[in-house]
Structures are given as structure tokens and as C-alpha cells.
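Spelled out from the first residue to the last, the chains are:
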Amino acid sequence: MANGTISKPENRLGIVGWFYAGSFSFERYAYILHRITGLGILLYFLLHIFGSSARISGQSSWESLMHFLGKPIFVAGEYLVFIAFCFHAMNGIRLILGELGFSIGKPGRPVYPYRISLNRQRPLLVVFMIIAVIFILLGGYDFFIAGH
Amino acid sequence: MREPTLWIFHILAGIIILIFLGIHMGIMHLDTILTSLGVGYKNPLNWSSVLIRNKALFFTITYILLLGAALYHGFYGLRNILFELSLGKSAQKAVNWLLFFVGLFLFIYGGYAAIAAYVI
Amino acid sequence: MADQKEQETSVFTEEVIKEVIFRVHRFSPDDGKPPRMQDYKVPVKRGMTVLDGLHYIRDNLDSTLSYRFSCRMAICGSCGMFINNLPRLACKTQILELEADTIEVKPLPNYEVIKDLVPDLSDFFEKHRSVMPYLIREEEEEKIDPPTNEFLQTPDELERFLQFAYCTKCGLCLAGCPTVATDKVFLGPMALAQAFRYNSDTRDQGFEKRLELLCVPEGPWRCHFAGSCSEVCPKGVDPALGVQLLKGQIVFTKLGLKKPHKIAPLATEKPEAKRRPGIPEAPPRTVKKSEKL
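Protein chains in written order, with this note's numbering: chain E, 1 to 148; chain Z, 1 to 120; chain X, 1 to 293.
Just to be clear, a hint being listed does not mean it is correct.
[As the list claims (entries may be wrong)] SDA-like, lysine to any residue: derived pairs with alpha carbons at most 20 Å apart:
#1 X:Lys209 with X:Arg137
#2 Z:Lys42 with E:Val75
#3 X:Lys115 with X:His55
#4 Z:Lys89 with X:Pro217
It is worth saying that the hints were derived from the structure and are not from the lab.
Please model the entire structure based on the sequences and the hints provided.
Have a look at this one:
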């Protein structure tokens, strides 16, 4: 590129590459869900710090805040955060195990059809996702059926 | 040499959150199921129930622990996402300091609220 | 006999099974036009790969089409392309197995495009070079007097890194990686897996040196185990495994929970080899032994 006139298109997938998972397996979707749920929980958490600090201003300010947050839209939003937490927590355990080198097996000779680390940790993923769904259902019962 | 240390703290904070936020979520959102099993609080958001937890040292300490761990875990994760947008070195530094000071402020504010609720 | 011959001819049939449309990415730095997609009709025979299809286009339809290939048998790793939204080797992808009437062929994403389907892999090789992908020896004696014997390594020690040594540097893993999609400086699955490969080699003593290069923001901490690199790897190298094991290796070594591997000893004498009974002596040399040897 001595003359500097030739421009090469960068062709990076960009943030689309985070979301676009095409025919990749569930781990890729878990990756982007982990990211989205993480950001969602963080946003909720920052609001929560200020919200729950209302308890130091006494009973009346606490109760007026709780009355305001008792609207169905906030309850539904809170349930979304609960779902996000269940997923993030269960997927998080799987990631901690995997990223520290447990549950993904040892290097071996690549013999076709290749069995890769993702295949070896998949049972773990399935188990944790089932646990997450159980908690999400229990939470749903508590949020909407048992009622507050 | 800083990165692996930050990363391992991220994992440790994750484990702390898993335990204490698990308890917190159980108390707050699985209360009907847990009280029917004989643990937890009925109507955890009622003022009387809040007052009980405010005055319990266990909750004060774990709230502060959870606050610190969650702020670290969340902001490290946010830093990951921001860094992956091809930030330059100076922008990386700015993100580090910004998240550090915002996190510190929130920790002091939230910690103050937890202690004040215990003392008042 | 005749039956068998008939079967053979039916397997290697030259009959055109169907016609597919190749939607090929075109870009030339010389003509000043923006990148675009161009359609070609390609008759497909059994056993035709996407690379064969590109050959057909170049030979019969459009001789200006540029793409990179060499061995056409999934060994050299030159023909990595983005075929129907997955990074694949064109020579290893059967057109009929794609089960599509339109085949979209684009250059590998996350690399700059030089022309048509040719990605610029120089960044990729630079990242590889930056993790010191070679054996590093620290013994002072060896620097003065380089050893001529081999290092002794058990089969078990070999297995610990052999899988990663199968990497052909085709660059598909970085094209699949979601982090590389936005992060220019992230070392990427290939370089990190290679760092693990050399760190785990008992002949290598460069762990400390490589540690400095890896404990940076663009090191393995940018990997979140989406595992796409391993899914697209055409050689079963499993770079995601390498990156996760590398993280564990660094963290556990730092925490003092993992000791550095033992260093392979130098073979001091040639192992004695005995001829098995019944094997005849080799015939006499036909070429004179060089004086130097």
C-alpha cells in the first residue's frame, strides 16, 4: 500500500456479530443472553441501590415507594429481572467451571467426527438450564399466582 | 499482570453474589413457597418485615458484602463489554477510572444506607 | 465384476444434478466501485465443492474472480470463506450438503478485504507471532553449545498439546469469534491456543515470558466461551479448549495451585536399537557419505 490510495473494506461484523448466531449451537446464544441479562441486571441493581435506600427515610416514604412500585408494569419488569438473574446465575456457574478448565475435557487427538469442548460440557449446560427454568417457574408462581 | 487478578476477583464476586443474591431472591420473590416450608418472611416488603431485617446484623453485613461484590462484578462485566468495542489505550484508562469512581460512590452511598438503617 | 464397475461409474457420475446460484462478493480496489454481490449459475455435479464451483466460474463465466486456494484438500487452510453465513473452507464444503439453491460466498469476516474473496490475514499472523509460538529455552549451556540430541517426551506429555499443533492457521476461528467482531486488538482463539500449546510443551521454558504478553486486556480475558471458534474449526483443533485451559493455567499458576511443568531432559545417548529377527540388512549405500557428516 505504498501509494496509500487503495482502501481495504474492513468487513468486521461489528456488534451484529455479538447477536448474530446463525446456526451456531446454544452456547453462542447463551453468550449473548449472558451479556444482555448482565446489563439488564446491572441497570436494575443501580436503581435498586437508590430505591432500597428509601428505608432510611422512615416508614411513610418506604410505603409510598412500595405502593408506586406495586403497579403491574413494575411487577412484570421485576419478574423479567428475576428471569435474567436465574439465567445469568446458572449460566454463570457453567462458565466459571468451563473457563477455569473443568468440564471441558482434555486435549486429545482430533479424530473425525470431531468431539470438541462444547460437546463435552453440554450436559452441564442442559442441567443448569433445567434448573434455571424450574426457578423461573417457581418465581412465576410466586409473582403472579400466589400474589402479594 | 493486573488482568488475571481482576478476572479472578470477577469470578469470586460471582460466587459471593450467587450465594447471597440467591438468599435475597429467595426471601423476596419465593416468599410464599419458602414460608410454607417454614423459612423466610411473610410479605417481605411490608415495613414491619423491612424493620426486622434492618436490625439484623446478618443482613446488614451481607447487604454490604453483596453490594460490593455486585458492583465489582457488574462493573467488571460492563468494562469487558466496553473494552471489546476496540477502545484505545486512553479510552480504556478513562473507562477504568470512571467505573472505579462511580462504583466507589455507589458503594459508599449504599453502605451508608445499610448502616444507617441498622443504627437508626 | 461388471456390477462393481457399474457402481463405480454411478458414484463418480459426471451428470449435472442441479443448478445453483453462486452469489459471490465482488470488490476490486482498482475500479473504485463499492463492494457488491454478483450472481453466477453453476451446474452442480456430485462431489463438487464450493471451491470447484468457484473454479467453474473462473474458467467459464468470469475470469476476473479472485480467490485464494492451494491444496484443495483441507490441509493448507488458504480457502477460508464465509459460505452461507458460516466461516468454512471452500474445499471442504460440499455444495449438495449445503442443501441450498443459492450459495452466498463472501470473504471471511473480521478481516480486511484485499479483493473479491481474498481476506488480508496479516493481522492474524502478526497476532500469532506476538505470542512467541516457538520453543523457548533458558539453559545457558545450550546457548553456547546447542544440543544436537533430541528432548525426551513421553506420549502422555505429547498428548497435552498435540491437538493444538494440528492448527493450519486458516483463520476461520477469528471469523467466527464474536469478540473479534468488534475488538481489533484481541489476540483471538488461534494465537491464544498456540500460546497454550507452547506453554504446555515440556521442551519449552517460556511460560514466564509469554505470561507478560498474555496478562494484558487483549489477552484471554476477552474470551467468554461462546465456543464458535471450535465449531468452525475444520481440523478439530478446538481452540476454545485451548483458551479456557490457558486461562486456568495462568490463574492457577499465579495462585500457586499449579506447578510449572517439568522440563524434558535432553537425550544423552542414542537409544540402542536392535534389529528384529527376520528383517534383512539394508542394501549397501549407493551415494557416498558426505565428508561433513
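**Report entry** Structure versus earlier hints - violations, ascending order
**Finding:** Hints that this structure does not satisfy do not exist here, as all of them hold.
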